[in-house]
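K.L.:
Work out the full structure, taking the sequences as your base and the hints as a guide.
There are 2 protein chains.
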Amino acid sequence: MIVLEEFLARIRHDVDKALDELIPGVDIAPVNLHQAIRWSLFAGGKRIRPAILIAVGKTFDANPDHLLRSAAAIEMIHTYSLIHDDLPAMDNDSLRRGKATCHIKFGEATAILAGDVLQTLAFKTVAEDVSLDAEVRVRLIALLGNASGTPAGMVSGQQLDLDAEGKPLDINALEQIHRQKTGALISASALAGAIIGGASEQDFAATERYASNLGLLFQITDDLLDVTQQTTTLGKTAGKDAAAAKATYPGHYGIDTTRELAANFHKMACEELSSIDKDTSLLDELVRFIIGRSS
Amino acid sequence: MIVLEEFLARIRHDVDKALDELIPGVDIAPVNLHQAIRWSLFAGGKRIRPAILIAVGKTFDANPDHLLRSAAAIEMIHTYSLIHDDLPAMDNDSLRRGKATCHIKFGEATAILAGDVLQTLAFKTVAEDVSLDAEVRVRLIALLGNASGTPAGMVSGQQLDLDAEGKPLDINALEQIHRQKTGALISASALAGAIIGGASEQDFAATERYASNLGLLFQITDDLLDVTQQTTTLGKTAGKDAAAAKATYPGHYGIDTTRELAANFHKMACEELSSIDKDTSLLDELVRFIIGRSS
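Taken in order, these protein sequences are the chains called A and B.
Just so it is clear: in the first sequence, position 84 is 84 by the working numbering, and no numbers are missing.
Just so it is clear: in the second sequence, position 292 is 292 by the working numbering, and no numbers are missing.
Hints may be right or wrong, so weigh each one.
Beta-carbon label-pair distances, calculated as ranges [as the list claims (entries may be wrong)]:
#1 A:Arg293 with B:Arg10: 53 to 59 Å
#2 A:Arg12 with B:Ile28: 37 to 43 Å
#3 A:Asp170 with B:Gly25: 23 to 29 Å
#4 B:Ile255 with A:Gln35: 34 to 40 Å
#5 B:Ala205 with A:Ala9: 45 to 51 Å
#6 A:Asp170 with B:Val26: 22 to 28 Å
#7 B:Glu208 with A:Gln202: 44 to 50 Å
#8 A:Ala152 with B:Gly107: 21 to 27 Å
#9 B:Val31 with A:Glu260: 32 to 38 Å
#10 B:Ala100 with A:Arg293: 41 to 47 Å
It should be emphasised that the hints constitute simulated quantities derived from the structure, not laboratory data.
Think of the CB as a built atom: it goes at the ideal place given N, C-alpha and C, for glycine as much as any other residue.
P.N.:
Set out below in C-alpha cells:
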C-alpha cells in the first residue's frame with residue numbers, strides 16, 4: 001500500500017501542476033471566472049480518475065508525459081460535473097470537500113459558466129496535446145464525449161438520477177444510473193490509458209471489463225461513505241442521499257449486503273486483470289484502495 | 001438576394017437533418033433530456049453560424065458533405081449557450097424564438113443538463129466525423145474550444161457581460177465583450193470552413209479579418225434589433241438589454257451612430273474579401289444579409 005500511496009501522491013502533484021498550467025491564471029480577465037474554476041479544481045480532490053488513467057497507461061508502457069494532459073482533461077470534466085451537480089436547481093449542496101461550493105462562493109451565474117468552460121477546456125486540452133498523434137486525440141475526445149454525454153454517459157445518468165428521486169427503483173434501474181453517472185467516466189479514464197498505451201484489442205477489452213467493475217465499485221463505496229461517515233470526515237454533507245430520497249445501494253440492500261456486493265465487484269475487477277499479459281499489480285492495488293475507502 | 005435566401009433555406013434543411021441524426025431520439029432514455037435538447041435545438045433558429053461555415057467552406061471548394069457535421073456542431077455550441085444564458089441565474093428569460101425557454105418548459109435542472117450535454121455532443125460530433133482527417137478534426141476542436149471558452153471566447157465574454165451590468169463601460173470594454181461573447185463563435189464558424197476547405201495561410205488570414213468584422217456586425221445588428229423591434233417580431237423579449245442595463249452599442253452611441261458603425265463594419269468585412277482569389281460573392285451576400293436584419 002505504501003507504493004500506491006506514493007503513486008497517488010505523485011499523481012496529485014503532477015496533475016495539479018498540469019492543471020495549473022492549462023487553466024488561465026487569476027491575473028487574466030475575467031478574474032472571477034478563473035478564480036471560480038480554480039476554487040473547485042484545487043479543492044483537494046483525490047485525482048482518482050487521473051490516477052486510474054495513468055495507472056492503466058503505465059501498465060501498457062505509455063510514456064508518462066503523454067498521459068498527463070488527458071488525465072488533467074478528465075479531472076476537468078469531473079470537476080465541471082461537480083460544480084453543476086451542486087447548483088440549487090440540482091443537488092443544492094453548499095459544501096464540497098470541506099469548502100463552500102462554487103455557487104456559494106462565486107454566485108450561481110459564475111458557477112454555471114465555470115462548469116461550462118471547464119468542459120470546454122477539457123476537450124481543448126486533448127485536442128491541443130501535441131504529445132499524441134491526432135488519431136489518438138480524436139479517439140480520446142470521442143471516448144470522453146460518449147462517457148460524459150448522452151444517452152449512455154454521465155449527464156444522462158445525472159438526469160435519470162434526478163428523475164428517480166423519491167421513486168421506488170428496481171436494482172437494474174439503480175445499476176444503470178450508477179453505470180452512467182459515475183461508472184462511465186471511471187471506465188473512460190481506464191480506457192484512455194489503454195488507448196494512449198497502445199493496448200492490443202484483447203487487452204483493451206479486458207481493461208473495459210476491469211473498468212466497468214471498478215466504476216460500480218467506486219459508486220457503491222461512495223454510497224457507503226454517505227451513510228457511514230460524518231460530514232466533517234466526508235468533507236461534504238453526509239446523509240444527503242437518504243435526505244433527498246436518492247437511489248443508492250445501501251438504501252436498496254442495506255449496509256451489510258452492499259459491502260458484500262462491493263467485495264464481489266472487487267473480485268470481478270481483479271479477475272479481469274489476469275488475462276492481461278503485463279504487470280497489473282498497480283491496477284490491483286487501485287481496486288483495493290477504492291474498496292478500502294469505505295471500510 | 002434570392003440566391004442567398006435559397007442557400008440559407010437549403011442550409012437550414014440540411015443542418016436540421018444532420019442535427020436530427022446526431023442527437024439521440026425522444027424514444028431513448030432519458031426522454032425528457034432529449035426532448036429538452038430538441039426543444040431548443042429545433043426552435044426555428046436561422047442557422048447563421050452553419051451558413052457562415054458552409055459558405056466559407058464552399059468558397060474554398062470544400063466537399064459540402066465534409067462541412068455538415070462541423071456546421072451542426074457549431075449550432076450545438078450556440079444552442080447550449082442560449083439555454084444556459086436564459087437560466088434564472090443568468091439572463092432569466094422565459095421567451096426565446098417565440099417559444100418558452102428550455103428551463104420554463106422542462107425545469108431548471110434538465111435545462112442545465114441539456115446545455116451541458118449539447119456542448120459534449122458538439123465536440124464528440126467533430127471527433128467522430130470520419131469525413132475529415134484526424135489532423136483537421138483536432139484543429140477544428142481546438143478552434144471551437146478556444147472560441148467558446150476562456151480567456152478569449154464566448155464563456156468569458158458572457159462573464160464580462162454579466163459583470164458589466166449596470167456599470168459605465170468604455171467603448172473598448174464594450175467591443176471586447178462583443179468580440180468574445182458573439183464574435184468569437186461567428187469567427188470560428190468562418191475559420192472552420194476555411195480549415196475544412198484547406199485555405200492557404202494568406203486566405204485563412206483574410207477570412208479571419210472578414211470574420212472578425214462580421215462578428216461585430218452581427219452583435220451590433222442584434223443590439224439594434226433589441227431596441228427597434230417588438231417582442232412579437234423578435235421572438236424573444238424586446239428591450240431586455242436596456243432593462244438589464246446591459247452594455248450595448250445603441251445604449252452607448254444611440255441608434256443613428258450605431259447604424260453608421262454597422263455600415264462601417266460591413267464595408268471593412270467586404271474589403272477583406274477582395275484579397276481572396278476565389279468567388280466570394282456568397283460571403284459578400286452573407287454580410288449584406290446580416291446588416292439587412294436590422295434595417
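K.L.:
Look at each hint and say if it fits the structure.
P.N.:
Each hint tested on the structure:
1. For the pair arginine 293 (chain A) and arginine 10 (chain B), the beta carbons lie near 56 Å from each other, so the given range of 53 to 59 Å is met.
2. Between arginine 12 (chain A) and isoleucine 28 (chain B) the CB atoms are about 38 Å apart, so this pair conforms to the stated range of 37 to 43 Å.
3. A hinted range of 23 to 29 Å holds for the C-beta pair aspartate 170 (chain A) and glycine 25 (chain B), which are about 24 Å apart.
4. The given range of 34 to 40 Å is respected by isoleucine 255 (chain B) and glutamine 35 (chain A), whose C-beta atoms sit roughly 38 Å from each other.
5. The supplied range of 45 to 51 Å is met by alanine 205 (chain B) and alanine 9 (chain A), whose beta-carbon atoms lie about 47 Å from each other.
6. In this structure, aspartate 170 (chain A) and valine 26 (chain B) meet the distance hint of 22 to 28 Å, their C-beta atoms being roughly 23 Å apart.
7. Here the CB-CB span from glutamate 208 (chain B) to glutamine 202 (chain A) is close to 47 Å, well matched to the stated 44 to 50 Å.
8. The hinted range of 21 to 27 Å is satisfied by alanine 152 (chain A) and glycine 107 (chain B), whose Cβ atoms lie roughly 22 Å apart.
9. Against the hinted window of 32 to 38 Å, the Cβ-Cβ separation of valine 31 (chain B) and glutamate 260 (chain A) comes to about 34 Å, which satisfies the hint.
10. Distance hint check for alanine 100 (chain B) and arginine 293 (chain A): the Cβ-Cβ separation is about 44 Å, which falls inside the suggested range of 41 to 47 Å.
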